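Trainee: Sequences are here, hints too, so could you generate the full structure?
2 protein chains.
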Amino acid sequence: MRNARYGAIEAGGTKFICEVTDADGTPLAATRIATTTPKDTLAAVMAFFDTQQQQLGVISAIGIAAFGPLDLRPDSPAFGSILATPKPQWSHVNLVSPLQQRFGCAMGIDTDVNAAALAEALQGAGKGCSNVVYVTVGTGIGGGVFTEGRTLKGALHPEMGHIRVLRHPHDADFAGCCPFHGDCLEGLASGPAIAARFGKPLDQLADATAAVDIIGYYLGQLAATCILLLSPERLIFGGGVMQQQALYPVIRQTVSRLINGYVGIGATDTALQQLIVPPGLGEHAGIAGALALAKQAEAA
Amino acid sequence: MRNARYGAIEAGGTKFICEVTDADGTPLAATRIATTTPKDTLAAVMAFFDTQQQQLGVISAIGIAAFGPLDLRPDSPAFGSILATPKPQWSHVNLVSPLQQRFGCAMGIDTDVNAAALAEALQGAGKGCSNVVYVTVGTGIGGGVFTEGRTLKGALHPEMGHIRVLRHPHDADFAGCCPFHGDCLEGLASGPAIAARFGKPLDQLADATAAVDIIGYYLGQLAATCILLLSPERLIFGGGVMQQQALYPVIRQTVSRLINGYVGIGATDTALQQLIVPPGLGEHAGIAGALALAKQAEAA
Chain A
1 MRNARYGAIE AGGTKFICEV TDADGTPLAA TRIATTTPKD TLAAVMAFFD TQQQQLGVIS
61 AIGIAAFGPL DLRPDSPAFG SILATPKPQW SHVNLVSPLQ QRFGCAMGID TDVNAAALAE
121 ALQGAGKGCS NVVYVTVGTG IGGGVFTEGR TLKGALHPEM GHIRVLRHPH DADFAGCCPF
181 HGDCLEGLAS GPAIAARFGK PLDQLADATA AVDIIGYYLG QLAATCILLL SPERLIFGGG
241 VMQQQALYPV IRQTVSRLIN GYVGIGATDT ALQQLIVPPG LGEHAGIAGA LALAKQAEAA
Chain B
1 MRNARYGAIE AGGTKFICEV TDADGTPLAA TRIATTTPKD TLAAVMAFFD TQQQQLGVIS
61 AIGIAAFGPL DLRPDSPAFG SILATPKPQW SHVNLVSPLQ QRFGCAMGID TDVNAAALAE
121 ALQGAGKGCS NVVYVTVGTG IGGGVFTEGR TLKGALHPEM GHIRVLRHPH DADFAGCCPF
181 HGDCLEGLAS GPAIAARFGK PLDQLADATA AVDIIGYYLG QLAATCILLL SPERLIFGGG
241 VMQQQALYPV IRQTVSRLIN GYVGIGATDT ALQQLIVPPG LGEHAGIAGA LALAKQAEAA
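For the protein sequence lines, the chains are A and B, in the order given. 218 is the number that our numbering gives to position 218 of the first sequence; each next residue is one higher, with no gaps. 50 is the number that our numbering gives to position 50 of the second sequence; each next residue is one higher, with no gaps.
Derived from the structure by calculation, the hints contain no laboratory data. From a predicted model like this one, the values you see are computed outputs, not experimental measurements. There could be a bad hint or two in this list.
Note: identical chains are not told apart, hence a pair may lie in one copy or across any two.
[Claimed, not checked] When the alpha-carbon atoms are kept at most 20 Å apart in a straight line, the in silico SDA-like pairs for lysine to any residue are as follows:
hint, residue 1, residue 2
1, Lys87, Asn260
2, Lys15, Gln89
3, Lys87, Gly261
4, Lys87, Thr35
5, Lys127, Ser76
6, Lys87, Thr14
7, Lys87, Gly264
8, Lys127, His284
Mentor: Structure follows, in structure tokens:
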């Protein structure tokens with residue numbers, strides 16, 4: 001439909017970004033709403049779409065790319081809810097049902113990282129690939145998976161930031177900062193873990209060489225594990241920590257060393273440079289993914 | 001079609017198991033062919049299906065569950081070929097094209113472990129689940145992935161036996177036996193790695209407690225990694241090494257310890273017992289998977 005309108009929501013821990021687009025994905029209206037209480041935040045979200053719908057026309061579908069963990073099992077009574085989360089008041093809040101009741105349209109929801117993987121696969125750094133992994137490295141570490149047209153879900157959804165990793169020999173003493181696991185990947189290589197060891201973000205250190213070697217080694221282990229379990233054609237690393245561009249070659253070198261030519265995976269520098277890449281959509285992957293979820297929900 | 005006939009091949013390093021079934025999957029004829037040279041082996045396979053087709057009726061589709069690595073990219077000129085393999089003469093042998101030329105029917109092919117995951121998901125221990133992982137622990141360690149109706153492929157296919165793992169404190173000295181990686185999971189926990197350390201298979205040791213604790217710790221790390229990356233509803237461990245049933249509780253305990261209650265994954269003993277299970281189809285998963293691949297190829 002040429003005049004169709006779509007809603008997209010990137011639901012984050014500090015802000016909800018909302019957009020209304022046309023069928024081509026061109027934004028017609030957008031807003032940012034601070035994440036406060038669930039009641040106030042969702043009321044502001046609904047007021048935005050109410051107003052825009054009156055001005056722009058009926059919204060055909062709304063997609064939500066949300067912080068998690070989420071209940072995404074289609075047959076679950078709690079489908080569309082945030083599960084137990086450390087974020088006060090947001091545990092067990094259903095993001096889908098109030099919007100569905102108000103707007104009566106098709107609704108899609110997924111994790112922010114699954115949505116980003118979807119958007120990057122459809123129109124970003126993974127365009128044309130059948131299997132894409134998107135990893136974000138920031139306050140936390142999370143990963144999403146796109147496989148043959150859709151995102152990977154199951155009992156829950158990928159939570160790959162919490163895998164265990166081998167310690168870098170020059171990083172033996174840091175206990176890690178994950179409240180659940182101590183020195184899992186997120187506990188060793190997230191933004192807070194970097195700040196705890198090095199005092200600053202990696203891209204602000206006067207000499208980042210040693211720190212990049214340590215953090216890149218940990219992220220490279222996630223990359224190698226993703227390759228061996230998920231066989232992606234593109235493995236995208238984004239998020240604030242990846243502003244330090246020197247991480248990419250260290251991640252690639254770690255993969256090369258760990259895979260060691262096995263079955264030809266990443267066997268050449270060129271292959272590794274094509275496999276492990278920065279995002280194509282930058283910070284827009286989340287909201288672009290939410291829009292893609294809206295369109296998938298409409299087509300389902 | 002009531003009178004439809006299907007061919008199924010489990011192509012292994014020591015033998016090719018071939019079956020012709022009816023539409024319900026009931027075997028009408030079966031044979032085992034020793035894996036010798038590609039030429040002789042494939043000639044014997046084709047002679048079997050030739051004979052059976054004359055007696056039983058036209059074969060509608062043939063599925064192959066093969067040792068790998070395999071080229072499974074549908075647009076590849078080498079689709080259906082074995083990639084570089086240590087098995088003499090079998091590198092770059094195409095398993096699909098000679099059968100397709102001879103029988104002109106629909107053809108499906110996948111790794112033996114992906115096929116096993118498919119069969120277990122459709123009719124075995126993963127029946128009713130949308131996401132299933134099947135791991136075999138034997139001469140090597142391999143894993144297959146079923147997600148929402150099909151197996152996971154991509155640039156290649158899962159090769160999860162070669163992930164790196166944390167060393168068990170009582171196993172610090174064994175160098176591992178993987179020719180590519182030394183002490184990757186397969187190098188530490190496969191049948192040959194067990195024989196190198198303990199002299200016998202785990203189910204033949206007079207007191208297996210210490211050995212089971214070590215091997216279960218490594219396999220438990222693969223289980224935890226699978227859960228965090230793939231979110232399966234069922235994680236099936238099969239293969240000869242798993243004949244030592246005491247491994248299952250150690251794998252579950254390791255998962256419980258490593259995940260540590262994060263987002264409720266495997267949070268109870270009951271949940272872990274339902275998540276991490278033995279195969280439902282035993283040794284028949286491979287050939288059942290090959291049959292399922294034949295049916296999927298016919299429907300495609």
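Trainee: Using 20 Å as the alpha-carbon threshold, which applies to Lys87 and Thr35: within, between, both, or neither?
Mentor: Within one copy only: 10 Å inside a chain, 58 Å across chains, cut-off 20 Å.
Trainee: One pair to classify: Lys127 and His284, alpha carbons no more than 20 Å apart. Within, between, both, or neither?
Mentor: For Lys127 and His284, only the intra-copy Cα distance (15 Å) is at most 20 Å; the inter-copy one is 39 Å.
Trainee: Is it within a copy, between copies, both, or neither that the alpha carbon of Lys127 lies no farther than 20 Å from that of Ser76?
Mentor: between (32 Å within a copy, 18 Å between copies)
Trainee: Within a copy, between copies, both or neither: where do Lys87 and Gly261 come within 20 Å Cα-Cα?
Mentor: This pair counts as between: shortest inter-copy Cα distance 17 Å, intra-copy 43 Å.
Trainee: Can you tell me if Lys15 and Gln89 fall within 20 Å by alpha carbon in one copy, between copies, both or neither?
Mentor: within (15 Å within a copy, 59 Å between copies)
Trainee: When Cα atoms must be at most 20 Å apart, do Lys87 and Gly264 count as within-copy, between-copy, both, or neither?
Mentor: between (43 Å within a copy, 16 Å between copies)
Trainee: Is the C-alpha distance from Lys87 to Thr14 at most 20 Å within one copy, between copies, in both cases, or in neither?
Mentor: Classified as within: same-chain Cα gap 10 Å, cross-chain 55 Å, threshold 20 Å.
Trainee: Within a copy, between copies, both or neither: which one fits Lys87 and Asn260 at a CA-CA cutoff of 20 Å?
Mentor: between (41 Å within a copy, 19 Å between copies)
Violated hints for the displayed structure: none, as all numbered hints are satisfied.
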